[in-house]
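Q: Based on the sequences and whatever the hints tell you, model everything.
Protein sequence lines, in the order shown, are assigned to chains A and B. For this note's numbering, add 775 to where a residue sits in the first sequence, where the first one is 1. For this note's numbering, add 25 to where a residue sits in the second sequence, where the first one is 1.
Do not rely on the hints blindly, as some may be mistaken.
To be verified - Covered stretches of chain A, going by a simulated chain B footprint (3 or more residues, C-beta under 8 Å): (1) 860–869; (2) 934–945.
As the list claims (entries may be wrong) - Restricting the straight-line Cα-Cα distance to at most 27 Å, the calculated cross-link-like pairs of lysine-lysine (BS3-like) are: (3) B:K106 x B:K138; (4) B:K138 x A:K904; (5) A:K1213 x B:K52; (6) A:K1165 x A:K1238; (7) B:K138 x A:K1207; (8) A:K1485 x A:K1431.
What the hints assert, rightly or not - From chain A, some residues computed to sit far from chain B (all C-beta separations above 10 Å): (9) G793; (10) R920; (11) D1030; (12) V1035; (13) D1096; (14) H1241; (15) K1342.
Rather than coming from a laboratory, the hints here were simulated on the basis of the structure. Here a beta-carbon is modelled for each residue, glycine too, at the ideal position from N, C-alpha and C.
The chain contents come next:
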Amino acid sequence: MADVTFIVDGKTLTAPAGTLLIEACKSHGIEIPAFCYYPGLSLQAACRMCVVRIEKQPKLATACTTTVAEGMNVTTESPEIAQARKATLQLLLGNHPLDCPVCDAGGECELQDMTFKYGAADSFYAEPKNHRDEQKWSPVVYFDRPRCILCYRCVRMCGEGMDIFALGVQNRGSSSVIAPNIPAQLSGVVENGTELAQLDCEQCGMCIDACPVGALTSGTYRYKTRPWEMNHTATVCTHCGDGCKTTLGVRSVSDGSEIVRGDNRDKSGMNGDFLCNKGRYAFDFANNIERLTSPLIRKDGKLTPVSWDEALTFAGNKLRDLRQDRGPNSIGVIGSNRTTNEENYLLQKFARTVIGTNNIDHHRTADFVTLATSLQGATGRFASQHDVEKSPAILLVGGDPTNQAPLTAWNIRTNVRHNNARIYIANHEGIKLRRQAKAFVQVAPFGYGAFIESLKADNDFAKSLHAEEQLVVVVGNELRGGELASLIKALPHAKFALLADYANSRGASDMGLLPDVLPGYQSLAGSTIANEYAAADTPGLDLLAMFDAAAAGNLSALYVVGSNPVKRYGIDAVTLKSTFLIVQDLFLTETAALADVVFPAANLYEKSGSVTNSYGDLQLVSKAADKAGTRSDFELIVRLAGHMGHDLKTLVPFGKGLRSDMGQSRGAQSGEADRHSVWMTANNLEPKTSPFDPFAILDEIQRLVPGYDKLLRLQLLSGNDQHISPSASGLVQITTSRKDLVLPSADTLFTSGSLTRYSPMLQDVQRHQSTEVADHLASAD
Amino acid sequence: MATIPNSIFTPTTAARFDKLATIYPVKRSALVPMLLYAQDEIGYVSDPVVAEIAQRLDLLELDVRNVLSYYSMLRTVPAGKYNVQVCTNISCMLRGGFELLDHCKHTLGIGHKETTPDGLFSLEEVECIGACCWAPAVQVNYDFHDDLTPEKMDAVLDSYRAREPK
Ligand code: SF4
Ligand code: SF4
Ligand code: SF4
Ligand code: FES
Ligand code: FES
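A: Have a look at this one:
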């Protein structure tokens, strides 16, 4: 819209017509206090804190509901306004206790700030304050009624933002109260003879984040610490593939530093204000006492704690001997969906160059290989998470983002609410997002092939899709292989994204944790990477084939990093009886329990590097916490290679480079400069000094992996996301007969693969949802 | 027209509700009248009433409770057979409304929004019932009694007791 010019506090400002005065002021650095106003939610005008004086208007006006107009002359601070705000505060404080020193929100409370600013702590009210006891609505949501200032942010957040409508306003006037959706008399939860109201919802905690005061507090954080006693680190959530930023509050403990809180109040990431239950609370697995903190070696059939040196030497020697005696192709490597790109790249390079085999795979949760091969050569066909937030039209085929990719669901809802986006859904189930859909097509179970066929036919759904000029297609993991390829072919004008399950599922694929392609989906023979690795050009064993080989006694060793295939693929323990098994993980998982050597690893919140969400948005991961006795997977892989006697410089390019005399004239590499050093110099990058610096591998990724070559360091380091599309061409789709290789993890809002059982919060919430509120479904349909 | 199987209401009320849900531009506009009729029939707005009305109007039960709790005339616990509503708003107050209320509390032995143990009477202090010109006024269920004194009030209460079979 056209710009208008207006005056605020004597300054001439401009903003697009239709902008709310409070927003226009904010973007010019003028802060107007507000309790009920919350960007992105509907307007409430309930609190009257934002009052300003607008020339020629008889009364003070609310800046949160006034749109800027040409020539408007506004005063935002004056004795009159201060008096009005002070009076508002005094009313709000009528029942509100003034005990900030013992309130959980003390130090980060908007009411406390305003009371300080306007000095409204004295009150004219002689009546006793209405006290109510605190209520526990769910394991993660607590409500302290006297602190509530009835701004209704929580109600709107839950209804409009989450589309749950689990919170309501009950009673009237000064007895108004925020109420959860299961009233006390129906909850069946009794404590000290009192029935307790309960909350049946997605337990996202968005209401808590939005609450300007200490009325809603988080079950996992409340009364543990003070905001100023924590260090805060913004990093990427480890749980689903959506790539939310979560800001972790961390404090020192005797064995490192522990995470006490996760939130996204700084709105730093691509998720804006959003976080789901897992991103906000399920960091607690990191503090679990069952964490492995010492390397273990199987001695007399029992896993026994040993020193790092003993474990690494033992594992390194054993791997080297087995490679020598039984050949590199008798060894398999399985990578992770939750380790960083650098670690994934390093692991496959380890497999291919240190061990010398293509027997590398990971638990695939979406068919990124088909996506990359189907879209090769095309530009602008890979959708980013931002497209879901902004695109005027979205087609969702399969999948249930509400449960599997909560940020995607949030973005779809927001896009509908703010931009009237048109959502088309084809699903075999009536998923919750159907409420936002413009059109819904019921697909028969396993009937996606027929649905894709119907896109060629003459029907309304197909017609409206073909008429959409900017269509983003989000594909659930029901579609893989041929079906996925034909869907992509059927909609040649659309952008595509696949929903995958964990923080770095996409990164695991992109980085080549695959037996038949190299990083960037490059082919095993002839590609740049292939030439540089000088490794075998025959495809290796995939994950299932490795276990088949193990069962047949042909797998001499298996190195598993951050994965639990034994549980996930239901592998019988006997299968691995003649395989030397090395497992690197956080916990003694089903797989680790069978191992000969176990290395305790750090988790994603305890390391740095980068991850790629399922849309291909690359983001920086920062080290927030620390656990004594663990090491990063990166370090462990490098050390293992070292103990196998490998020259580390050929694995991780650090230091001055392989050959100081570039353009060498003798020896095996004669006539050839150290390509990495040349590239580093050309790109103005400093060589890294340590083999344990993940950024040394990032350099190599950027140099070699198509798509990642365009990444901008400054963007990455400033914590911004950037979209990566595998841009190479000449990719070959290897058809494999094993359809079950892609195995969606079927995680829900309250599960996260093997981590689920180590997160007390997830356990609590699952119990809450399944027993306490089982019969009271919040959904409107 | 969608009818609700196993309605908790009498066929007449159920039919009335079926119609109510269709006569407003927005379905939920029927909420307050439905709550009132339901209360008349069941005696109070019970949890099953909330559930059925929510179902009839495509609302969440929470929505129904939000509205329900706003209105003091809607009850969520059973009232006595005769619900004595004493007005203490301005006209009645000036003409002895509070004395009347105290008198009722005393003779019935119950307080505001309470019910006698035999379930016969319940007492409520209410705002203006529109009978100011004959203040102080009391409403028992849908009957009006005006120009009252404590003595006249006793007679009113007795007249209800007399209706009960011995
Ligand atoms: S935690 Fe529950 S009540 Fe709060 S916003 Fe999320 S879904 Fe709504
Ligand atoms: S609980 Fe918090 S967010 Fe909700 S109305 Fe009260 S003060 Fe506002
Ligand atoms: S939506 Fe996914 S990435 Fe975001 S907080 Fe939830 S689990 Fe983490
Ligand atoms: S912020 Fe404007 S009225 Fe509350
Ligand atoms: S004041 Fe009692 S009826 Fe109006």
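Q: Each hint needs a verdict: does it hold in this structure or not?
A: Here is how each hint holds up against the structure:
1. 860–869: Coverage by chain B is violated here, the residue count being 0 at a Cβ distance below 8 Å.
2. 934–945: holds (count 6)
3. B:K106 x B:K138: holds (13 Å)
4. B:K138 x A:K904: Within the cut-off at roughly 23 Å; holds.
5. A:K1213 x B:K52: holds (21 Å)
6. A:K1165 x A:K1238: Distance ~22 Å between A:K1165 and A:K1238 Cα, so the pair holds.
7. B:K138 x A:K1207: Violated, at about 42 Å.
8. A:K1485 x A:K1431: Holds - the C-alpha atoms of A:K1431 and A:K1485 are around 24 Å apart, at most 27 Å.
9. G793: holds (27 Å)
10. R920: holds (14 Å)
11. D1030: Nearest chain B Cβ is 45 Å from A:D1030, so the label holds.
12. V1035: A:V1035 is indeed farther than 10 Å from all Cβ atoms of chain B, at 32 Å.
13. D1096: A:D1096 clear of chain B: closest Cβ-Cβ about 66 Å, beyond 10 Å.
14. H1241: Holds, since 33 Å exceeds 10 Å.
15. K1342: Consistent with the label, A:K1342 stays out of reach of chain B, its closest Cβ about 38 Å off (over 10 Å).
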